[in-house]
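Q: Okay, here's what each chain looks like letter by letter:
Protein chains: 2
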Amino acid sequence: MSLLETTISNIRKELDPAALAAAKERLCNQAKPPGSLGIMEDISARLAAIKGTLDVRLTNKWIVTCAGDHGVVEEGVSLFPAEVTPQMVLNFAGGGASVNVIGNHAGARVKAADIGVNYDFAPALPIFHKKVRYGTANFTKEPAMTRQEAIRSIEAGIEIVRELEAEAPVDLLGTGDMGIGNTTPSTAVIAAFSGLPVAKLTGRGTGIDDAALANKIAVIEKGLALHEPDPKDPLDILSKVGGLEIGALAGLVLGAAARGIPVICDGLISTAGALIACELAPAARNYLFVSHKSVEIGHTYMHHRLGLEPLIDLKFRLGEGTGAAVCMELLDLATRILADIKTFEEVGVTNIE
Amino acid sequence: MSLLETTISNIRKELDPAALAAAKERLCNQAKPPGSLGIMEDISARLAAIKGTLDVRLTNKWIVTCAGDHGVVEEGVSLFPAEVTPQMVLNFAGGGASVNVIGNHAGARVKAADIGVNYDFAPALPIFHKKVRYGTANFTKEPAMTRQEAIRSIEAGIEIVRELEAEAPVDLLGTGDMGIGNTTPSTAVIAAFSGLPVAKLTGRGTGIDDAALANKIAVIEKGLALHEPDPKDPLDILSKVGGLEIGALAGLVLGAAARGIPVICDGLISTAGALIACELAPAARNYLFVSHKSVEIGHTYMHHRLGLEPLIDLKFRLGEGTGAAVCMELLDLATRILADIKTFEEVGVTNIE
Chain A
2 MSLLETTISN IRKELDPAAL AAAKERLCNQ AKPPGSLGIM EDISARLAAI KGTLDVRLTN
62 KWIVTCAGDH GVVEEGVSLF PAEVTPQMVL NFAGGGASVN VIGNHAGARV KAADIGVNYD
122 FAPALPIFHK KVRYGTANFT KEPAMTRQEA IRSIEAGIEI VRELEAEAPV DLLGTGDMGI
182 GNTTPSTAVI AAFSGLPVAK LTGRGTGIDD AALANKIAVI EKGLALHEPD PKDPLDILSK
242 VGGLEIGALA GLVLGAAARG IPVICDGLIS TAGALIACEL APAARNYLFV SHKSVEIGHT
302 YMHHRLGLEP LIDLKFRLGE GTGAAVCMEL LDLATRILAD IKTFEEVGVT NIE
Chain B
2 MSLLETTISN IRKELDPAAL AAAKERLCNQ AKPPGSLGIM EDISARLAAI KGTLDVRLTN
62 KWIVTCAGDH GVVEEGVSLF PAEVTPQMVL NFAGGGASVN VIGNHAGARV KAADIGVNYD
122 FAPALPIFHK KVRYGTANFT KEPAMTRQEA IRSIEAGIEI VRELEAEAPV DLLGTGDMGI
182 GNTTPSTAVI AAFSGLPVAK LTGRGTGIDD AALANKIAVI EKGLALHEPD PKDPLDILSK
242 VGGLEIGALA GLVLGAAARG IPVICDGLIS TAGALIACEL APAARNYLFV SHKSVEIGHT
302 YMHHRLGLEP LIDLKFRLGE GTGAAVCMEL LDLATRILAD IKTFEEVGVT NIE
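Here the protein sequences line up with chains A and B, keeping their order. Here the working numbering is used: the first residue of the first sequence is 2, the next is one more, and so on. Here the working numbering is used: the first residue of the second sequence is 2, the next is one more, and so on.
There's no promise every hint is true.
Chain copies aren't distinguished; within one or between two, either way the pair holds.
[Stated by the list, open to error] The calculated EDC-like cross-link candidates involving lysine to aspartate or glutamate, where the alpha carbons are at most 20 angstroms apart (straight line), are:
#1 K112 x D341
#2 K52 x D17
#3 K294 x D314
#4 K316 x D43
#5 K142 x E310
#6 K316 x E166
#7 K294 x D43
#8 K223 x E143
#9 K112 x D17
#10 K142 x D237
#11 K14 x D314
#12 K52 x E26
The set of hints was computed from the structure by calculation and includes no laboratory data. Predicted model, so just to flag it, every value in this text is computed and none were measured.
With the hints as constraints, model all of the structure from the sequences given.
A: Okay, structure coming up:
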């Protein structure tokens, strides 16, 4: 079997039912009205079921920011020039970018990954060097990549999880992206899966105007009409209208799920990757948390399809893993809520009759 | 002048305009699309304007959980018996309650305050001992308290801020509440200010059923009809249909604002207190952050009246300061976003043309 196939087959179909039941019972017995900590209680129970304990410790946290370039940028879909992709990878490696600052606040380490940047990074640069090719092709003219490259991009993400764990077991993984133009392939991915009209799914990325938005919609429609990706074949969608970093983002989710690591995805691009992962292996969803509701309108449709609710809505539209990093603190907190809030019995408070 | 009057007169009418402008400029020059960190950027700019610096440090954080009992509980408005109020105060002092766990995660210290609990706590118990009376009267029969007691409850909150600062300057204050039955007076407060129908504002508190909800609405309507509180006189509203801890929660906001301390309020009850504070002293709003959107429906109307947007919606309905505690981490993060994310120039990334 290929690495991709092995990884998918290693994902458990079900979380620990005993830990889940014990978590729910403890949450009900804590000295507070049942369910009064809302979504945080659900998160804490699921983390307990993933880890098989009521005292989960999310100590070793990583955010991996996958980068790739996009041939479709030559169609004028982004405000920023493509040269910003490698510049930002250098910024991540230097520690001064948004995801570094927010990740640091969450107690997570951040490492970028070159999956398909159109630039040669120095081998000593402290990033994951996993280049599959120098950016995708322009999908309005040819497929973004071959099916084999799509598989390799996913396997790059799987390998990254393995390499992180070779150092020390990972307790929580966050996913993030960098790639000028990558809201365009991400929107194409959800359009291909859902069959919904492109105009209904397309947002303004880093801030394009009305005319540029109309162009972006036309570009995505053109790519979908040209290649007719099969909505039942995630690899077909990824290869025809996806992105190299999107494949790696799917691989991060699959690799984490196969190793029993909870994984939290970021905005539109990370969620496109997570969607591909869960379409390939539905059980991966048990390990997946979706962090924030992006300003990008296609994001909500991805969440619907995943059947997962985002935790926060802070009007982010940045990517990099910034939303995932913010939510890492909430997942960490959820573990403390379950383990540390005392029960009625423990503290001698009168429960409801 | 009274302590209340002095405090109100000490609140600056305007935040530091130079720091605000410098913060906005830096946020625009950071290597990310302008505004892409959404609400967090607004928060970071306001904190800079409050503190007069772009490198705000929220080190000394406190959550004060104000407790009081409510005579109106005898009308059957709550699932839990009134004896839970003092039991939970003991739980806060012991460190095992929800707000302790969440506050601890946020790096904040938590201290409860007895403003009007119907119980004699041992003088050595590590809480603020500020009892104004042993619970309010049942407002369906007589005013909840006298006007003088209402002023004293507010001044108790002001004194607490002063006492905290006597130890060390407070960088961020969170407010929380405990008081069985206190969603009833809090809903009465917003109904009295807004004139909106009580049924439109009333939620299920800790989880009452349909019949109990109808009773709760009738109880609030009865109190408002009996006392006709003056919507232009916050002290009249507080004394007739409010609560002792609600007064202290208003005092915390006023005391913090007068000392230039950012203050973050919690759910329905804390926000009722914040509303009274801002109706007494509109400039207090500059220092106020509203944390979460409670499941309680009256909460949204309070936010509308304050003109402030809650940061998160995690379906909390607990109180104690739990929502404020969660959001303290976000305010802390906002300071790092402003100070630590590098500019395009600093990291050599190409900006939009």
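Q: If the cut is 20 angstroms between Cα atoms, do K112 and D17 qualify within a copy, between copies, both or neither?
A: neither (31 angstroms within a copy, 38 angstroms between copies)
Q: First find the shortest C-alpha distance between K52 and E26 inside one copy, then the shortest across copies, and answer within, between, both or neither for a cut-off of 20 angstroms.
A: within (17 angstroms within a copy, 45 angstroms between copies)
Q: At 20 angstroms max between alpha carbons, let me know whether K294 reaches D314 within a copy, between copies, both or neither.
A: The answer is both: 5 angstroms in one copy and 12 angstroms across copies each meet 20 angstroms.
Q: At most 20 angstroms between C-alpha atoms: does K316 with E166 qualify within a copy, between copies, both, or neither?
A: neither (33 angstroms within a copy, 35 angstroms between copies)
Q: 20 angstroms Cα cut-off: does K142 pair with E310 within a copy, between copies, both or neither?
A: neither (36 angstroms within a copy, 45 angstroms between copies)
Q: Cα distance capped at 20 angstroms. Does K14 pair with D314 within a copy, between copies, both, or neither?
A: neither (30 angstroms within a copy, 31 angstroms between copies)
Q: What label fits K223 with E143 when the C-alpha limit is 20 angstroms: within, between, both, or neither?
A: Only inside one copy: K223 and E143 sit 11 angstroms apart there, 72 angstroms across copies, limit 20 angstroms.
Q: Checking an output row: K112 and D341, CA cutoff 20 angstroms. Within, between, both or neither?
A: Close across copies (18 angstroms), not inside one copy (31 angstroms); limit 20 angstroms.
Q: Check K142 against D237 for me: Cα-Cα at most 20 angstroms, and say if that holds within a copy, between copies, both or neither.
A: within (16 angstroms within a copy, 72 angstroms between copies)
Q: Within a copy, between copies, both or neither: which one fits K52 and D17 at a CA-CA cutoff of 20 angstroms?
A: within (8 angstroms within a copy, 48 angstroms between copies)
Q: Cα distance capped at 20 angstroms. Does K316 pair with D43 within a copy, between copies, both, or neither?
A: Cα proximity of K316 and D43: across copies only (11 angstroms, versus 23 angstroms in one copy).
Q: State whether the alpha carbon distance between K294 and D43 is at most 20 angstroms within one copy, between copies, both, or neither.
A: both (18 angstroms within a copy, 18 angstroms between copies)
The structure does not agree with the numbered hints 5, 6, 9, 11 stated previously, though it agrees with the rest.
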